[in-house]
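Enquirer: With chain A fixed as given, assemble chain B onto it according to the hints.
There are 2 protein chains.
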Amino acid sequence: MATVLGDPCATPELSVRQRVPPLLTDVYQFTMAYAYWRAGRHNQHAAFELFFRDNPFGGGFSLFAGLGDCLRFLRDFRFTDEDVEYLRTVLPSDTHPDFFLYLKGLDSSAVSVRAVAEGTVVFARVPLLEVSGPLAVVQLLETSLLCLVNYASLVCTNAARFRLAAGPRRRLMEMGLRRAQGPDGGLTASRYTYIGGFDLTSNALAGRLFGIPVAGTIAHSYVTSFSSLEEVWPQSLAPAKGGDPVEFVPLVKDWLGRVCELLGAQPQQVHEGELAAFLSYSIAYPSNFLPVIDSYSVSSSGLPCFCAVALALCDLQYQPLGVRLDSGDLCGQSLEVCNVFKQCNKHFSVPAFESLVIVGSNSVSEKSLSELNKKDNEIDVVGVGTHLVTCTSQPSLGCVYKLVEVGGRPRMKLTEDPEKSTLPGRKSIYRLLDPDGHPQMDLLCLSDEPAPKAGEPLNCHPLGQILSAVQSITPARVINLGLDVFRHGEIMLPLSTTSEIRVHAQRSIQSLHVHHKKLEQPESYNVAMSEKINSLVRDMRRGNS
Amino acid sequence: MATVLGDPCATPELSVRQRVPPLLTDVYQFTMAYAYWRAGRHNQHAAFELFFRDNPFGGGFSLFAGLGDCLRFLRDFRFTDEDVEYLRTVLPSDTHPDFFLYLKGLDSSAVSVRAVAEGTVVFARVPLLEVSGPLAVVQLLETSLLCLVNYASLVCTNAARFRLAAGPRRRLMEMGLRRAQGPDGGLTASRYTYIGGFDLTSNALAGRLFGIPVAGTIAHSYVTSFSSLEEVWPQSLAPAKGGDPVEFVPLVKDWLGRVCELLGAQPQQVHEGELAAFLSYSIAYPSNFLPVIDSYSVSSSGLPCFCAVALALCDLQYQPLGVRLDSGDLCGQSLEVCNVFKQCNKHFSVPAFESLVIVGSNSVSEKSLSELNKKDNEIDVVGVGTHLVTCTSQPSLGCVYKLVEVGGRPRMKLTEDPEKSTLPGRKSIYRLLDPDGHPQMDLLCLSDEPAPKAGEPLNCHPLGQILSAVQSITPARVINLGLDVFRHGEIMLPLSTTSEIRVHAQRSIQSLHVHHKKLEQPESYNVAMSEKINSLVRDMRRGNS
Numbered sequence: 007m008a009t010v011l012g013d014p015c016a017t018p019e020l021s022v023r024q025r026v027p028p029l030l031t032d033v034y035q036f037t038m039a040y041a042y043w044r045a046g047r048h049n050q051h052a053a054f055e056l057f058f059r060d061n062p063f064g065g066g067f068s069l070f071a072g073l074g075d076c077l078r079f080l081r082d083f084r085f086t087d088e089d090v091e092y093l094r095t096v097l098p099s100d101t102h103p104d105f106f107l108y109l110k111g112l113d114s115s116a117v118s119v120r121a122v123a124e125g126t127v128v129f130a131r132v133p134l135l136e137v138s139g140p141l142a143v144v145q146l147l148e149t150s151l152l153c154l155v156n157y158a159s160l161v162c163t164n165a166a167r168f169r170l171a172a173g174p175r176r177r178l179m180e181m182g183l184r185r186a187q188g189p190d191g192g193l194t195a196s197r198y199t200y201i202g203g204f205d206l207t208s209n210a211l212a213g214r215l216f217g218i219p220v221a222g223t224i225a226h227s228y229v230t231s232f233s234s235l236e237e238v239w240p241q242s243l244a245p246a247k248g249g250d251p252v253e254f255v256p257l258v259k260d261w262l263g264r265v266c267e268l269l270g271a272q273p274q275q276v277h278e279g280e281l282a283a284f285l286s287y288s289i290a291y292p293s294n295f296l297p298v299i300d301s302y303s304v305s306s307s308g309l310p311c312f313c314a315v316a317l318a319l320c321d322l323q324y325q326p327l328g329v330r331l332d333s334g335d336l337c338g339q340s341l342e343v344c345n346v347f348k349q350c351n352k353h354f355s356v357p358a359f360e361s362l363v364i365v366g367s368n369s370v371s372e373k374s375l376s377e378l379n380k381k382d383n384e385i386d387v388v389g390v391g392t393h394l395v396t397c398t399s400q401p402s403l404g405c406v407y408k409l410v411e412v413g414g415r416p417r418m419k420l421t422e423d424p425e426k427s428t429l430p431g432r433k434s435i436y437r438l439l440d441p442d443g444h445p446q447m448d449l450l451c452l453s454d455e456p457a458p459k460a461g462e463p464l465n466c467h468p469l470g471q472i473l474s475a476v477q478s479i480t481p482a483r484v485i486n487l488g489l490d491v492f493r494h495g496e497i498m499l500p501l502s503t504t505s506e507i508r509v510h511a512q513r514s515i516q517s518l519h520v521h522h523k524k525l526e527q528p529e530s531y532n533v534a535m536s537e538k539i540n541s542l543v544r545d546m547r548r549g550n551s
Numbered sequence: 007m008a009t010v011l012g013d014p015c016a017t018p019e020l021s022v023r024q025r026v027p028p029l030l031t032d033v034y035q036f037t038m039a040y041a042y043w044r045a046g047r048h049n050q051h052a053a054f055e056l057f058f059r060d061n062p063f064g065g066g067f068s069l070f071a072g073l074g075d076c077l078r079f080l081r082d083f084r085f086t087d088e089d090v091e092y093l094r095t096v097l098p099s100d101t102h103p104d105f106f107l108y109l110k111g112l113d114s115s116a117v118s119v120r121a122v123a124e125g126t127v128v129f130a131r132v133p134l135l136e137v138s139g140p141l142a143v144v145q146l147l148e149t150s151l152l153c154l155v156n157y158a159s160l161v162c163t164n165a166a167r168f169r170l171a172a173g174p175r176r177r178l179m180e181m182g183l184r185r186a187q188g189p190d191g192g193l194t195a196s197r198y199t200y201i202g203g204f205d206l207t208s209n210a211l212a213g214r215l216f217g218i219p220v221a222g223t224i225a226h227s228y229v230t231s232f233s234s235l236e237e238v239w240p241q242s243l244a245p246a247k248g249g250d251p252v253e254f255v256p257l258v259k260d261w262l263g264r265v266c267e268l269l270g271a272q273p274q275q276v277h278e279g280e281l282a283a284f285l286s287y288s289i290a291y292p293s294n295f296l297p298v299i300d301s302y303s304v305s306s307s308g309l310p311c312f313c314a315v316a317l318a319l320c321d322l323q324y325q326p327l328g329v330r331l332d333s334g335d336l337c338g339q340s341l342e343v344c345n346v347f348k349q350c351n352k353h354f355s356v357p358a359f360e361s362l363v364i365v366g367s368n369s370v371s372e373k374s375l376s377e378l379n380k381k382d383n384e385i386d387v388v389g390v391g392t393h394l395v396t397c398t399s400q401p402s403l404g405c406v407y408k409l410v411e412v413g414g415r416p417r418m419k420l421t422e423d424p425e426k427s428t429l430p431g432r433k434s435i436y437r438l439l440d441p442d443g444h445p446q447m448d449l450l451c452l453s454d455e456p457a458p459k460a461g462e463p464l465n466c467h468p469l470g471q472i473l474s475a476v477q478s479i480t481p482a483r484v485i486n487l488g489l490d491v492f493r494h495g496e497i498m499l500p501l502s503t504t505s506e507i508r509v510h511a512q513r514s515i516q517s518l519h520v521h522h523k524k525l526e527q528p529e530s531y532n533v534a535m536s537e538k539i540n541s542l543v544r545d546m547r548r549g550n551s
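Those sequence lines, one after another, are chains A and B.
Take 7 as the starting number for the first sequence in the working numbering and just add one per residue.
Take 7 as the starting number for the second sequence in the working numbering and just add one per residue.
One thing to keep in mind: the hints can contain errors.
It does not matter which identical chain is used: a pair holds within one copy or between any two.
[What the hints assert, rightly or not] For lysine-lysine, the following DSSO-like pairs were computed, each having C-alpha atoms within a straight-line distance of at most 27 Å:
id, residue 1, residue 2
1, LYS426, LYS381
2, LYS373, LYS426
3, LYS538, LYS419
4, LYS524, LYS373
5, LYS247, LYS352
6, LYS259, LYS419
7, LYS110, LYS426
8, LYS524, LYS459
9, LYS538, LYS259
The hints are simulated quantities; they were obtained by calculation from the structure and are not laboratory data.
Quick caveat, the model's predicted, so the values are computed rather than measured.
So here's chain A without its partners, still in its complex pose (with noise of 0.2 Å):
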């Protein structure tokens, strides 16, 4: 689309981001933090890994993001004198003092991330992230590190979702930032949907800080604030090519004469405001006039106008470039647009208006947008906001972080709910592939087993059926989706851009199955856990009961 402002690669990605304090996390990391200190706990060599229990939105995958904003967050993990201050103040007064000089010269040197590669495709309770070291310290980055993981992850899903729902021609346009949940929230929210498939923002800071493809021309607000063509100034427009001014209003008045004849519409229903507001913005951006026609009534005022205005912009050899719907039924009046441009190509002769794009915009949902996708329709570009941003159909993700290991001994949850047990023991995770490449197995394994071999049967347990039967697979390819991505208080990888994320985001969801991209009913993507596992569960749960 030629709206498109800018070069998503000319503005190089800038961390300008506002870091995320410390001390935005729970009270109660705290309070845990110094029972361990106090205890003599704190250094015990602790292992917690991050997951999601259930794919958001009723869906058969996620995309995994946030990874870059823990690391940079690690990395610069360090209480502010003022923070410790603070606590001081609000910590239980038999506080030992010596536990605020400890929290004084934290930092993360000793705390190591396995993770799976940022844009992945992952499944519930795969491990995200595994964050080891000192048990107080990795205790306290709990809730930061959920709260980055998990917006990002279920708006990036959301947006890969929509992306599937618009099939692969639309183009999708991210325009949620006064409907998101705060000024972070919406900044978040443009970077993810990009990465999880959307081609372009409206939000200008997204632009300038990730590199994203930023657009967008008027809004009805410009439209109703011209009553009449006196307010247009300048009143000439230079051809595309060079050459003397033209009047341009007479031009234009000229043209809504002869659209309006064509198309049957009677010229006293324009509206002389909204004519005033295309000419004027025309007159201003003669190569990007793309007007939102709906603010009075599109048939019989904001069409003619558009087409009077456009007629005469080719005239003048500029490329008009088409027209936004934000209301009523879209794909309805798309196809009486389109209908209207094909009968001013065929009455006027103008090559230029069969390559007008259609931009609609009106509260759309993946719901709206799958049925779009199946009815007669000639929308180009859709432009989505509230349900995108905030994820109406389920605004969180729930990814929780649980202890997997301290002391060298693995842990587990019992509880009397099977579903919020985890699977003791620090892990490696293979992704099986079959013989066409799709993954068909998610594969934890103890990260001292050996890995599996490509063409080696291998007995596993699915999970959700604990102490299952075991089953038999042959990968024809398996990968090792756990990275290490932070030592030593070390980013260990160069962080990938925004871009590089979302290509990989895109080819991860490529090479997954159909039947597990199917938005309702997907089938179930098996992950499973090795024997050894399967053991340790079994041995644990005896020695509990």
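Expert: For chain B alone, coordinates are given in the frame of chain A:
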């Protein structure tokens, strides 16, 4: 509740929140601003109104929040050189270079804002903000202001509804940070849910920045990090009133035997790790003992362990605080827990057990809270996360920002969708009270109309019935809701602290008539326009039809 850590008044409110950059807006604001600038209209005086069209959550009222953030944003409104350089790369290449100089010089010194006081109960279609000033500047402000008001007001209103659902006695704790939509979403949620009526937050940074009381003790991970009593260190505890440390582990073991006997519990079913965790925490914080008791089994392990440790603490003159339940049937479990507390008190004569609190937290929604409020239960404090901070049942408020006057002339949007029409002209907003002091109507008048007077009948036209029959009303009292809050680039009144806004919000809700506060099917509150606005609408509709 005694787990409140810190004094809300002790921490002065800090204004270290991150600045909202003016580039956090939609790109079309810049293309429109350019078109205004190009046409020489950029300094034309214009006024926009910010309002919403429906109360959220199917309710009868909303709380207005986010004003302080808007004012700080306005005060600091100024593009950096980097912002302008970025815009130069993305706006169409025929943008006149002087426009970028114009942007560099922009600030809010010519902007004025009238607003409803933050924390006031408000209703659909009442202007919350009126922003006036140079057309191009007030246009540029749109998206950022909407973003700052929308979520703040939404989550504040949501909290007020949870408060009403909980009843006045029960304390409410916000603990949604990990599920919030991004880090700033979490911070915003903590602040505005406190204003809406919550009592506590788990969010340490919100405590520091806004002086909100914080609370928290331990999580499941703390409990599951222990496996044996050998991990408890130190093993002794000095009595509260001083004296030699007592061997605490054998004391607790002794109590555990007696508790199991009393409750008919099997000592071998008590999880040794859970007992160790409770012991260790109580030795670290003997005055802050409120563990989560459902890591394994409430009846057979968590509850007997709690009682044993709490009884031992009582022996040493410490006051245990209570327990937290985090899964399963909260009401049923709270009754069981309370019954056990009573048995212990009766059998062991521990009056401290009479004041133990029970905290419940398990995906609490407004609906489940309303149900809980109707059922038998002994839950004193309810912790709410996901459904509160993400506003599951309606994750966006949908405020809009509409042009009502430009160049001294009223403007209105007249679309084919009458719901989306706007009311023209700059307005004053009056709240009319009935003789009992309850708000009975909000009246919109043109700003040059005289204010309605108490005791004098007036004619008006209720909204939602455009051009409806006139209605007569005699207010007992009249309040002018509009405040001059911003002028000449400066905030015109001292910004209220979070606690002050909370007090105002709670009073404002209290003043409402009970039938407007109903959570379901509330009586609709009257918002009306003056006869003068009604005439203006009629004239403008005629002029455009």
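Enquirer: Measure nothing new, just compare the shortest in-copy and cross-copy C-alpha distances for LYS524 and LYS459 to 27 Å and report within, between, both or neither.
Expert: neither (30 Å within a copy, 63 Å between copies)
Enquirer: Quick one: LYS426 to LYS381, C-alpha cut-off 27 Å, is that within a copy, between copies, both, or neither?
Expert: Between copies, since 26 Å is at most 27 Å while 43 Å is not.
Enquirer: My question is about LYS110 and LYS426: at a cut-off of 27 Å on alpha-carbon distance, are they close within one copy, between copies, both, or neither?
Expert: Classified as neither: same-chain Cα gap 35 Å, cross-chain 55 Å, threshold 27 Å.
Enquirer: When no copy is specified for LYS373 and LYS426, does a C-alpha distance of 27 Å or less occur within a copy, between copies, both, or neither?
Expert: Close across copies (23 Å), not inside one copy (31 Å); limit 27 Å.
Enquirer: Please sort LYS524 with LYS373 into within, between, both or neither, judging by C-alpha distance up to 27 Å.
Expert: within (13 Å within a copy, 32 Å between copies)
Enquirer: For the identical chains here, do LYS259 and LYS419 meet the 27 Å Cα criterion within one copy, between copies, both, or neither?
Expert: Classified as between; 23 Å across copies, 75 Å inside a copy.
Enquirer: Please work out whether the CA atoms of LYS247 and LYS352 approach to 27 Å or closer within one copy, between two copies, in both situations, or in neither?
Expert: Intra 25 Å, inter 96 Å, cutoff 27 Å: intra-copy only.
Enquirer: State whether the alpha carbon distance between LYS538 and LYS259 is at most 27 Å within one copy, between copies, both, or neither.
Expert: Neither, since 80 Å and 36 Å both go past 27 Å.
Enquirer: For LYS538 and LYS419, with the copy left unspecified, which applies at a CA distance of at most 27 Å: within, between, both, or neither?
Expert: within (18 Å within a copy, 68 Å between copies)
The structure does not agree with the numbered hints 7, 8 and 9 stated previously, though it agrees with the rest.
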